[in-house]
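Visitor: Residue numbers (numbering that gives the first Met the number 0), protein chains in the order written: chain A, 0 to 204; chain B, 0 to 216; chain C, 0 to 244.
Derived lysine to any residue pairs resembling SDA-like cross-links, with alpha carbons at most 25 Å apart:
(1) C/Lys197 with B/Met189
(2) C/Lys173 with B/Met181
(3) C/Lys223 with A/Met197
(4) B/Lys47 with C/Asp213
(5) A/Lys169 with B/Val31
(6) A/Lys64 with C/Lys159
(7) C/Lys197 with A/Met192
(8) C/Lys173 with B/Phe103
(9) A/Lys169 with B/Tyr208
(10) C/Lys99 with A/Ser81
(11) C/Lys159 with B/Phe101
(12) C/Lys159 with B/Leu109
(13) C/Lys99 with B/Ala100
(14) C/Lys75 with C/Val151
(15) C/Lys182 with C/Lys242
(16) B/Lys107 with C/Gln49
(17) C/Lys108 with A/Glu136
(18) C/Lys108 with A/Gly66
(19) C/Lys173 with B/Val105
(20) C/Lys173 with B/Pro175
(21) C/Lys99 with A/Leu57
(22) C/Lys176 with B/Asn185
(23) A/Lys169 with B/Val205
(24) C/Lys98 with C/Ser80
(25) C/Lys29 with B/Val105
(26) B/Lys47 with C/Lys159
(27) C/Lys40 with A/Glu136
(28) C/Lys104 with C/Ser81
(29) C/Lys75 with C/Phe190
Derived from the structure by calculation, the hints contain no laboratory data. The structure presented is a predicted model; accordingly, all values stated were derived computationally and were not measured.
For reference, the chains in residue letters:
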Amino acid sequence: MHEIFNIFIKSIFVDNMIFAYFLGMCSYLAVSKTVDTSVGLGAAVIFVLGITVPINYLLNEYILKPGAMVWLDAQFASVDLSFLSFIIFIAVIAAMVQLVEMVVEKFSPSLYSSLGIFLPLIAVNCAILGGSLFMQERDYQTLGQATAFGLGSGVGWFLAIVAIAAIREKIRYSNVPPALRGIGITFILTGLMGIAFMSFLGIKL
Amino acid sequence: MSTDKKEREPMFSAKNVKLLTSPLNLNNPITVQVLGICSALAVTAKLKPAIVMTLSVMIVTGVSNFVVSLLRNGIPPRIRIIVQLVVVATLVILVDQLLKAFLFDVSKQLSVFVGLIITNCIIMGRLEAFAMSNKPWPAFLDGIGNGLGYGLILITVAFFRELFGSGTLFDIQIVPQSLYNMGYVNNGLMILPPMALITVGVIIWVQRYYNRSLIEK
Amino acid sequence: MYTNGYIFRYAGILVIIAAALLSLAAMLLKPFQERNRAIDKMQGILASAQVQECTADNAIQLFNKYIVEEQVIDPKGNILSSYTKSPKEDAQAFLIDLKKENYNKAHHKPYNLPLYIAKKDGQTIYIIPMLGTGLWGPIWGNIALKSDFKTVLGVFFDDKSETPGLGGEIATPKFQKQFIGKKIFDNRGNFTSIEVVKGGIVKLPENQRIHGVDAISGGTLTSKGVDAMLRNTIKSYLPYIKKHR
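Using the sequences provided together with the hints, build the complete structure.
Guide: Here you go:
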């Protein structure tokens with residue numbers, strides 16, 4: 000339990016997807032114009048990361064890893080399907096995103112109208128695939144740890160995008176050089192926030 | 000046959016050439032469309048990886064645009080994202096496997112980029128925005144053009160980061176030793192990822208200063 | 000326009016084609032890839048022993064020339080098997096999967112350690128293969144020790160996905176050259192490993208500098224990975240080293 004909590008906190012602040020690994024930048028920069036929309040996208044990212052990381056964990060553990068298929072039969076001990084992991088992870092992510100889109104559309108049209116437009120964007124968000132690949136690389140021991148990591152990374156991403164959106168709302172009233180307005184100043188701001196977050200780097204919990 | 004030819008567009012009509020050139024400036028994937036940022040941060044600490052990445056992305060966007068454009072009429076819109084991702088990932092992994100078997104040295108150089116290429120949103124962005132609604136040949140040109148525009152920014156950023164961060168270009172010492180003796184120090188901040196963001200920000204500043212039409216209100 | 004049946008059929012056919020293509024490629028190309036991987040491993044081992052003339056074409060031949068013995072040892076320092084015949088790439092030590100052994104070690108299960116012994120210009124060289132984790136993925140390498148088990152003859156590092164120009168610099172000669180001549184034991188015989196020092200070895204006291212190298216600026220986490228890999232791997236070999244020193 001202690002371990003799971005540590006992983007959760009660490010993936011929010013220390014291993015922040017945006018500021019430590021710079022993953023998922025495209026939608027982060029493009030959709031952070033107002034706080035409202037970024038809350039929507041951030042929530043969708045938490046949701047998708049929270050679902051896909053555990054699913055991919057199970058797939059990796061029981062199908063893809065070298066020797067993972069032993070549970071079926073001892074003769075599969077030498078089977079190594081890890082070359083398929085990229086494509087399987089991506090397929091799971093895209094399928095989950097599409098599934099979520101369909102389910103939300105059917106059962107909650109109001110949620111769909113506020114969240115729906117962001118869902119297709121998420122499939123191409125590299126933070127999502129990054130989450131699954133980090134999970135595979137770091138060899139989490141239990142499903143609980145993998146889930147904590149997925150959710151934590153999502154929350155970290157959520158915090159980052161809401162923070163930059165709030166700054167961008169304020170900066171609209173500042174005297175920014177015309178050529179830097181909008182995306183230009185956002186790049187520079189993100190860079191500065193990234194430098195600040197570097198002080199968290201390497202902290203062990 | 001001759002009538003058939005007259006109706007067809009020439010291979011490099013003005014419109015098609017524009018597909019190649021507009022991503023270099025007015026429709027640049029990084030500075031205007033804001034696509035493919037993650038990889039731009041990861042590979043621009045040195046010039047060499049930036050150029051390798053540019054070439055790979057150019058080829059992958061070109062070919063995947065072409066393939067998806069061929070398939071475009073059969074793809075059910077509901078699952079188009081899965082289809083696009085599967086096509087891109089299959090292409091990239093296949094090439095990676097072939098390189099590992101026959102050109103191992105090249106594959107070692109490229110292995111870092113495989114994951115970055117699949118998740119590069121330029122590829123997905125162009126598939127969505129262009130290949131799904133255009134013929135294969137223009138789609139191919141659009142892919143190559145966007146790859147070039149992406150590479151232009153990548154190489155510019157890498158040039159400044161390597162020069163000021165390491166004092167080298169292509170790993171060859173450029174800043175003379177005498178300057179170091181006088182007390183010059185490499186700017187270690189330049190090789191950290193956040194500085195890539197700030198460099199891109201400055202490039203956007205310069206670009207929009209000369210292209211007023213791009214300025215956001 | 001598109002029925003559910005069509006969507007499922009389309010997706011199914013696409014996935015089957017993609018999976019078939021990839022599996023076919025993986026199956027057909029596996030022997031070539033494995034041969035390349037073996038050659039790569041040999042090149043790494045020879046590079047740490049400072050065999051300069053090694054290329055992909057002559058790696059197998061040179062490996063058989065320089066490596067005289069391959070041992071599998073246990074964590075207590077006992078030699079489980081020793082192999083001196085040719086071809087050297089069939090030896091048990093060469094086939095050991097470090098990932099599996101590291102996993103067993105981390106889970107307190109019994110594990111084996113490979114060791115290569117080379118003879119070059121009349122001196123005996125002990126080469127220890129290593130595997131660790133960097134920032135983004137696995138890093139690996141070899142450390143070659145002189146016959147006193149104390150002085151580093153050379154090292155070799157490589158990585159799968161460290162950032163080019165930052166952490167990826169561990170694979171360059173510039174970083175690896177620093178290790179030559181460093182000591183992994185102090186004068187009293189205590190194990191010190193080689194510390195990868197952030198900010199440079201100038202930060203260390205004068206008498207410690209023989210046990211340290213400069214970390215890569217901007218590649219702190221990868222440098223830490225190298226440091227941990229060296230320390231953890233050599234530690235497992237200490238009983239063996241004490242017995243044979």
